[in-house]
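The residues making up each chain are set out below.
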Amino acid sequence: AQSVTQLDSQVPVFEEAPVELRCNYSSSVSVYLFWYVQYPNQGLQLLLKYLSGSTLVKGINGFEAEFNKSQTSFHLRKPSVHISDTAEYFCAVSEAGGYQKVTFGTGTKLQVIP
Amino acid sequence: NAGVTQTPKFRVLKTGQSMTLLCAQDMNHEYMYWYRQDPGMGLRLIHYSVGEGTTAKGEVPDGYNVSRLKKQNFLLGLESAAPSQTSVYFCASSSTAGGEGYNEQFFGPGTRLTVL
Numbered sequence: 111a112q113s114v115t116q117l118d119s120q121v122p123v124f125e126e127a128p129v130e131l132r133c134n135y136s137s138s139v140s141v142y143l144f145w146y147v148q149y150p151n152q153g154l155q156l157l158l159k160y161l162s163g164s165t166l167v168k169g170i171n172g173f174e175a176e177f178n179k180s181q182t183s184f185h186l187r188k189p190s191v192h193i194s195d196t197a198e199y200f201c202a203v204s205e206a207g208g209y210q211k212v213t214f215g216t217g218t219k220l221q222v223i224p
Numbered sequence: 005n006a007g008v009t010q011t012p013k014f015r016v017l018k019t020g021q022s023m024t025l026l027c028a029q030d031m032n033h034e035y036m037y038w039y040r041q042d043p044g045m046g047l048r049l050i051h052y053s054v055g056e057g058t059t060a061k062g063e064v065p066d067g068y069n070v071s072r073l074k075k076q077n078f079l080l081g082l083e084s085a086a087p088s089q090t091s092v093y094f095c096a097s098s099s100t101a102g103g104e105g106y107n108e109q110f111f112g113p114g115t116r117l118t119v120l
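Chains Z and P, in that order, give the protein sequences. When we follow my numbering, the leftmost residue of the first sequence carries the number 111, and every step to the right adds one. When we follow my numbering, the leftmost residue of the second sequence carries the number 5, and every step to the right adds one.
For reference, chain Z alone in the conformation it holds in the complex (with noise of 0.2 Å):
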């Protein structure tokens, strides 16, 4: 079975600064890994995506994650945030092939601050 695991839920951070949004993750087998956003009062939309190939990955409004085999991480960051990335943010795990089930990590609040 996999799991996912958000440490922080919460992080706040001044606007401009740089932040990472931590994400651990937990598989038998090989995973695709998602990061996706919700505004509030929305649903959530996908930011970015690992499925194969190149570790880094970039998304949406200047985001990026890497992908960490060896330490089963797929941290999210952006280089300077601006006030309109206040959401929250759910990293997401699903195994490689076969029927699409996603598990959802308990998500992270990111709020920038003015």
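To be clear, the hints were calculated from the coordinates, so they are not data collected in a lab. This structure is a prediction, so every number in the text was calculated from the model and none was measured. Where is the CB? At the ideal position from N, CA and C, for every residue including glycine. Be aware that one or more of the hints could be misleading.
[Unchecked claim] FRET-style restraints, in silico, Cβ to Cβ:
#1 Z:Pro224 to P:Gly57: 44 to 54 Å
#2 P:Asp42 to Z:Pro122: 19 to 29 Å
#3 Z:Pro150 to P:Asn5: 39 to 49 Å
[As the list claims (entries may be wrong)] Listed below are the simulated DSBU-like cross-link pairs for lysine-lysine, each with C-alpha atoms no more than 35 Å apart in a straight line:
#4 Z:Lys211 to Z:Lys159
#5 P:Lys18 to Z:Lys159
#6 Z:Lys168 to P:Lys13
#7 Z:Lys188 to P:Lys18
#8 Z:Lys159 to Z:Lys219
#9 Z:Lys179 to P:Lys13
#10 P:Lys74 to Z:Lys211
Given the structure of chain Z, go ahead and fit chain P onto it with the hints provided.
Then chain P, alone, in the frame of chain Z:
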């Protein structure tokens, strides 16, 4: 192209009442899902469907039933609502097309349900 829509947006029920949440997608997706979102617990899969006429249990199926009579619609039913079912419910859909082995799940805006 509306994407994934959910009806209703808000609902308040009394314990024991029943209701049906409707999810509709206009992207011709084969897969559809129902999740519930609770504070500090992320999203948990209730039921899912891999095609018209098929449904399967997810992580937390107890107390819920689903039907997929038409490809574009996925209904979630609560036969006898309980306070523990107070949550935000999200529907999502995804296609089986594409060569990458995974296709993005598109989410609806959610239904906020309160059971008193």
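Status of each hint after checking the structure:
no.	hint	in the structure
1	Z:Pro224 to P:Gly57: 44 to 54 Å	holds, 52 Å
2	P:Asp42 to Z:Pro122: 19 to 29 Å	holds, 23 Å
3	Z:Pro150 to P:Asn5: 39 to 49 Å	violated, 24 Å
4	Z:Lys211 to Z:Lys159	holds, 15 Å
5	P:Lys18 to Z:Lys159	violated, 41 Å
6	Z:Lys168 to P:Lys13	holds, 33 Å
7	Z:Lys188 to P:Lys18	violated, 45 Å
8	Z:Lys159 to Z:Lys219	holds, 19 Å
9	Z:Lys179 to P:Lys13	violated, 40 Å
10	P:Lys74 to Z:Lys211	holds, 21 Å
The structure fails hints 3, 5, 7 and 9 (numbered hints given earlier, in ascending order).
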